[in-house]
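*Asks:* One letter stands for each residue in the lines below.
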Amino acid sequence: MSVILLIIVVGILITLILQSIPSIKKSGIGFLWGKTWDPVADVYGALPFIIGTLLTSFIALLICIPFSYAISIYLGEYNQKGWLSDLLKNAIELIAAVPSIIYGFWGLFVLVPLVRGLESKIGITPYGIGVFTASIVLAVMIIPYAASLGITLIRMVPSPLKEAAYALGATRFEVIRAVVLPFTRRGLFAGILLSLGRALGETMAVTMLIGNTPAIASKFKDLIFGPGNTMASIIANEFTEADHAVYLSALIEIGLVLFFLTVIINLIGKRIITSFSNN
Amino acid sequence: MEHSVVSSSNFNAWFGDNHVVKDVSIEIEKNQVIAVMGPSGCGKTTFLRCINRMHELIANTSVKGSMKLEGQEVYLMNPIYVRYKIGMVFQRPNPFPNLSIYDNVIAGYKLNGLKLEKADQDAIVEKSLTSAALWNEVKDSLHKKGTFLSGGQQQRLCIARAIAMEPSVILFDEPTSALDPISTSSVETLFHELKSNYTLIIVTHNMQQAARVSDKTAFFYVGELVEFDDTKTMFTSPKDTRTQNYITGRFS
Amino acid sequence: MESRIRLRNIQSTIFKGIIVFLAFLITLPLLVVLLYIIQQGITQVNWTFLTHVPAPVGEKGGGIANALIGSLIIVFFSALMAIPIGILTGIYLSENSRTRLAYYVGLCVDILQGVPSIVVGIAVYFWIVKPSSGFSAISGSVALAIMMLPIVIRSTEETLKLLPDTLKEAALSLGVPYHRVILKVIVPCGFAGILSGIVLSVARIAGETAPLLFTAFGNPYLSTALGKPMETLPHLIFTYATSPYDDWHNLAWGASFILLLFVLILNISTKIITRKWNIQL
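Chains as they are written, first to last, in numbering that gives the first Met the number 0: chain A, 0 to 278; chain B, 0 to 251; chain C, 0 to 280.
Quick caveat, the hints were computed from the structure, so don't treat them as lab data.
Some clues are possibly wrong.
[Claimed, not checked] Simulated coverage check for chain A against chain C, where a stretch passes if three residues somewhere in it have a Cβ under 8 Å from a Cβ of chain C:
1) 51-64
2) 150-160
[Unchecked claim] Straight-line Cα separation of at most 30 Å, DSSO-like style, residue types lysine-lysine; simulated pairs:
3) 144/B <-> 21/B
4) 84/B <-> 183/C
5) 114/B <-> 167/C
6) 167/C <-> 117/B
7) 144/B <-> 183/C
8) 138/B <-> 117/B
9) 109/B <-> 227/C
10) 227/C <-> 144/B
[Claimed, not checked] Partner residues aside, some chain C positions facing chain B, computed with beta carbon under 8 Å:
11) 1
12) 5
13) 54
14) 165
15) 166
16) 170
17) 171
18) 179
Yeah, the Cβ is synthetic: ideal placement off N, Cα and C, and Gly gets one too.
If we strip away everything but chain A, and leave its shape as in the complex, we get:
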């Protein structure tokens, strides 16, 4: 019965590879750093989307790290029981439960005008949509994953270790900094990786907020605040409109790259965690 799992995963991989072949034949390995995506002219380069994906994911990660660390430390160390901690925990779980499409929809109508206002205030072209906006929503969406892992890890720090530090006269902050955080460092890193994996594959919210431009911006500020595109969103937008075989195949090839990227990152993250819990 469980063999079905194997069949599914291998099946997905094979399908992706097979369907990418026409595109691979056409564009070769340069596909990965080709800067131009022009289906009309039959030129396919995936770089804009790879950049877009990496940009949004990393910015989201950057925004998410302080918050998820704070939550992990608060719920793992300062306040492990009680109504307040339950409240926060439920709130975190709720954030994870909201479907991404709803985040995207809300983002489109609430966040975008806000960002537009912000942009015109600081003198940038007020697109509203763009990499920055998408990253904000993405950050909110991945916080629960990093946070819940962090909570488990921080609670795993053995009391005798902490008590030894207290007994030497350390303040709470120092115990956290000197004992708790180093102990959980690898695990927290794994949590980041897993959140990254999740962010890389996120489609809907990003698609609605990123602006869907296949060009790479030249100025840095446009890179962040201007519209962009990610691997997932280009597939979502153009899959059903791809009218010739190579076009479709190029999109699939992007899917293949996305597949490998997310799988590798997720597996590394999971391996770190299992090695951590086995210790």
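Given chain A, put chains B and C in place with the hints provided.
*Replies:* Relative to the frame of chain A, chains B and C by itself:
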């Protein structure tokens, strides 16, 4: 010998390459309480678990030799059937937490899909709980889950569950080591009453318990059956120096 | 020394303050999103809304009946496909943690958990939609079922692994055959955990859009045919939210409200299930 209910001849058992039971030959007669004792790691529990073929459930184990239940080779029979015919009570009481007391007692029948008339079921439950000296304490809460019972009561529930299957032999694996003294003595009193209908083989590391409850005692040491004799003789004039040393506390 | 300690104490308190601030700050976006959706959406919901299909652009009225029914049907069939396979695989993994097969299956579960939902949609497109030359509800169900599997499997496996060994031993010692021990003792004892895993996975896929983009697609009409395209709540929200029409935006808000409600109810149910039916071990 046909009036022995459990017998083994040159029986060996391994955990991987670790030879834990070495060439054990023993004849156990009906309606007796046999205590099996010895220091930690001497193979007594492993031997016990070989009788009802629970040992082989652990990966990488093997056995060799003859083990008979009522004259039949245990290792040639269907293991499910062997376990069906032999009852076992474990160190930690383990009633099924999702079943009521009533259902726990007849669990052996229910889980095997054996259909019984309600009247028969009731009779079995009452008889088993009475034999386990638990009936009066639980007769009004038969349909509650057993988790409110004390440790001793839970263990007696497990005994009732084993008795309900009407086995000829009941194996006990350190049945009171997780219980407090009062519960322990209630279970020990039970052994005495059960003897008339069943054969009990009890692994224990508590020498005083062995002396209190058993008719005969087997002493295991580093995998071998060193001595098997009437309990009284074993404790007053043991024949082997190793037995002598164990009893006088030279090693635990 | 005294002043040094005082300084460090202040440092510690400031740190705690920052932590608490950041931790609770995160509830802000949650509240904002929830309140906004509720505010925009609740005004949309009325009987017409729930029972009619979307009106053509420009006409008043209309509703999301096609998406509502569609979501229910597609999710139902996904669950139908994923639950048996998921539970059985979870049982297999928890009972046979050392075999080679278990290792590879576990690996696949991990991989599947990380695969972006859109990639699953691509695969199912080529497996079902292309050969049958048409979008269909059933292909959507298959895609969602694939996404449900890792969650169901992992929660089943974890729940069963937590059960103490003595439970299995007790049943085996009574002479109960192995498959009955699993079906009649182990699984019932782990019921709460398994059920909550199922409910959670349903809540997750009810809101998934990406895999449906090229499988179930969408349908402006109410359809219950499994072989034809079918509209779903998330897909409707996507299409209408990104459209330029205000009427359609309103429909999307209402649909978002319903979807949110559905997901929230499922999540709360999980908590109730775990609390009420958790067997005290």
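*Asks:* Now, for every hint given, state plainly whether the structure supports it.
*Replies:* We went through each hint and held it up to the structure:
| no. | hint | in the structure |
| --- | --- | --- |
| 1 | 51-64 | violated (count 0) |
| 2 | 150-160 | violated (count 0) |
| 3 | 144/B <-> 21/B | violated, 43 Å |
| 4 | 84/B <-> 183/C | holds, 20 Å |
| 5 | 114/B <-> 167/C | holds, 22 Å |
| 6 | 167/C <-> 117/B | holds, 27 Å |
| 7 | 144/B <-> 183/C | holds, 16 Å |
| 8 | 138/B <-> 117/B | holds, 16 Å |
| 9 | 109/B <-> 227/C | violated, 47 Å |
| 10 | 227/C <-> 144/B | violated, 50 Å |
| 11 | 1 | violated, 52 Å |
| 12 | 5 | violated, 52 Å |
| 13 | 54 | violated, 53 Å |
| 14 | 165 | holds, 4 Å |
| 15 | 166 | holds, 6 Å |
| 16 | 170 | holds, 6 Å |
| 17 | 171 | holds, 6 Å |
| 18 | 179 | holds, 6 Å |
This entry does not satisfy hints 1, 2, 3, 9, 10, 11, 12, 13, going by the numbered hints stated previously.
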